[in-house]
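Asker: Heads up: the sequence shown begins at 1 in my numbering, then just goes up one per residue.
One thing to keep in mind: the hints can contain errors.
Unchecked claim - Restraint-style ranges between C-beta atoms, simulated for each label pair: (1) Leu182 - Ser218: 29 to 39 Å; (2) Ser378 - Asn217: 41 to 51 Å; (3) His306 - Thr8: 39 to 49 Å.
If you're looking for bench data, these hints aren't it; they were derived computationally from the structure.
C-beta: ideal position from N, C-alpha, C; glycine also.
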Amino acid sequence: MTVGGQITPVDLRMPGYPAFLVIIYLLTGRTGADARTGVLLAQIGVDLLSCLVIARLAALLASTSLDSAPNKRAYSMALWLAALCPFTANYTAVPLTEVFASWWTGLACCPLVLALRRVKKPDFLVTESHLPRPRSVEYTALVGGLTAGVGTLFRPETPILLFAAAMVFGGLFFLRSFRRWLSTGLAMALGGFLVLSPWALRNWMTLGEPQFLAPKNSNLPGELVPNGFMAWEKTWLYRVRDCYLVPWKLNEEAISVEEIPTRAFDTPEEKQRVAMILEQYNNDLTLTPDEDVAFAQLARQRVARHPWRTYLWLPAARAVTIWFTPRIELLPVSGHVFPLAQMREDDPVDQQVTILFFVLNLFYVGLGVWGALRLWRSNPAARPVVAFLGLFMALRTAFLTTLETPEPRYVLVCFPALIALGAQVLARRSEVR
Numbered sequence: 001m002t003v004g005g006q007i008t009p010v011d012l013r014m015p016g017y018p019a020f021l022v023i024i025y026l027l028t029g030r031t032g033a034d035a036r037t038g039v040l041l042a043q044i045g046v047d048l049l050s051c052l053v054i055a056r057l058a059a060l061l062a063s064t065s066l067d068s069a070p071n072k073r074a075y076s077m078a079l080w081l082a083a084l085c086p087f088t089a090n091y092t093a094v095p096l097t098e099v100f101a102s103w104w105t106g107l108a109c110c111p112l113v114l115a116l117r118r119v120k121k122p123d124f125l126v127t128e129s130h131l132p133r134p135r136s137v138e139y140t141a142l143v144g145g146l147t148a149g150v151g152t153l154f155r156p157e158t159p160i161l162l163f164a165a166a167m168v169f170g171g172l173f174f175l176r177s178f179r180r181w182l183s184t185g186l187a188m189a190l191g192g193f194l195v196l197s198p199w200a201l202r203n204w205m206t207l208g209e210p211q212f213l214a215p216k217n218s219n220l221p222g223e224l225v226p227n228g229f230m231a232w233e234k235t236w237l238y239r240v241r242d243c244y245l246v247p248w249k250l251n252e253e254a255i256s257v258e259e260i261p262t263r264a265f266d267t268p269e270e271k272q273r274v275a276m277i278l279e280q281y282n283n284d285l286t287l288t289p290d291e292d293v294a295f296a297q298l299a300r301q302r303v304a305r306h307p308w309r310t311y312l313w314l315p316a317a318r319a320v321t322i323w324f325t326p327r328i329e330l331l332p333v334s335g336h337v338f339p340l341a342q343m344r345e346d347d348p349v350d351q352q353v354t355i356l357f358f359v360l361n362l363f364y365v366g367l368g369v370w371g372a373l374r375l376w377r378s379n380p381a382a383r384p385v386v387a388f389l390g391l392f393m394a395l396r397t398a399f400l401t402t403l404e405t406p407e408p409r410y411v412l413v414c415f416p417a418l419i420a421l422g423a424q425v426l427a428r429r430s431e432v433r
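With the hints as extra help, turn the sequences into a complete structure.
Answerer: Written out as structure tokens, the structure is:
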């Protein structure tokens, strides 16, 4: 990136999406906004390929054994669910990593699911596993690690998928072979390591540190990391709407204490302290170390007064928010529904679109949960796979609740698994008919 008029190597972002943009620029001979059409068409193509990957994943889940024919009904239902999902399709129109993150996550799930299915487990976590003699599990796990490694080049938290798989493999192997579990875990780790090594080597040679992932904070050398400010945010912020009012204005715009939600203040005196700090900040729109220390002190006091709020209720609220938001952030609607009568009179289209997308999101999430429960009960051989996908979504959700700005778009990478699981319900119903 350009810093002070000079091109400077940085490691603020993973290189996958910038590399994609460079390829589009080279192919089209255009850059920036002029290449928007090329970027849009390429992302539409990747999104359509993701539909096929999700359908394949659904067919793998529905198979009673590795030797059985692919379940065409599950494949067809998942293909329709993926193609008609507006939440993932909307992100094909913007220069963000969601399309590629969903594609690589779904693609990595396929070999990991195959590896889990190759370990015969008649009763998951109760009886011993029947291990295949060849190293087919390790080889397939290696492919999963390689694929997840490529996904990590787009989103640094993709290895959560491998952690979830390693934990389920531990449940499969813990009664029989620790060595086999270790070799499988090492195979996945090796796959990710091979893909990420060039990026780490580049960072080592140019920046002096072997950074495999992007750093937690996107700050240039010498810039202040607002740890105190972020700690204070974590004591009250759980909606993405509030991010526009406070954190995303930091060092760019003035922040008004009157726009901050009342839950950010336990007492009038605390609100007055925040107002005094922000008054100093608004003078030059730059957070100083002293101001950051003042926010850190406020954060410690709020945590001491209400530890359950900080460590339990707010993370739970963030999890609910990122999963059950209407997902209209890319649409030209405000998302305001209440008061019902007033919004129906002021802007009925806005209200109806918001409610429709909220119901659609409930449908996809609910269908995925229903499919997981049904598959667990009806197909014991698929239980490790269901556990893997469920654990991945749970771990990712837990990770997202620790972020300073929990954006709902970050759970879209879970939708390939959700849709594949939800297709099991519709496939079973069509079979009955």
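Asker: Against each hint, give a clear statement of whether it holds in the structure.
Answerer: Results of checking the hints against the structure:
In this structure, Leu182 and Ser218 meet the distance hint of 29 to 39 Å, their C-beta atoms being roughly 35 Å apart. Restraint check, Ser378 to Asn217: a C-beta distance of roughly 46 Å satisfies the suggested window 41 to 51 Å. Between His306 and Thr8 the C-beta distance comes to about 43 Å, which sits within the given range of 39 to 49 Å.
Taken one by one, the earlier hints all hold for this structure without exception.
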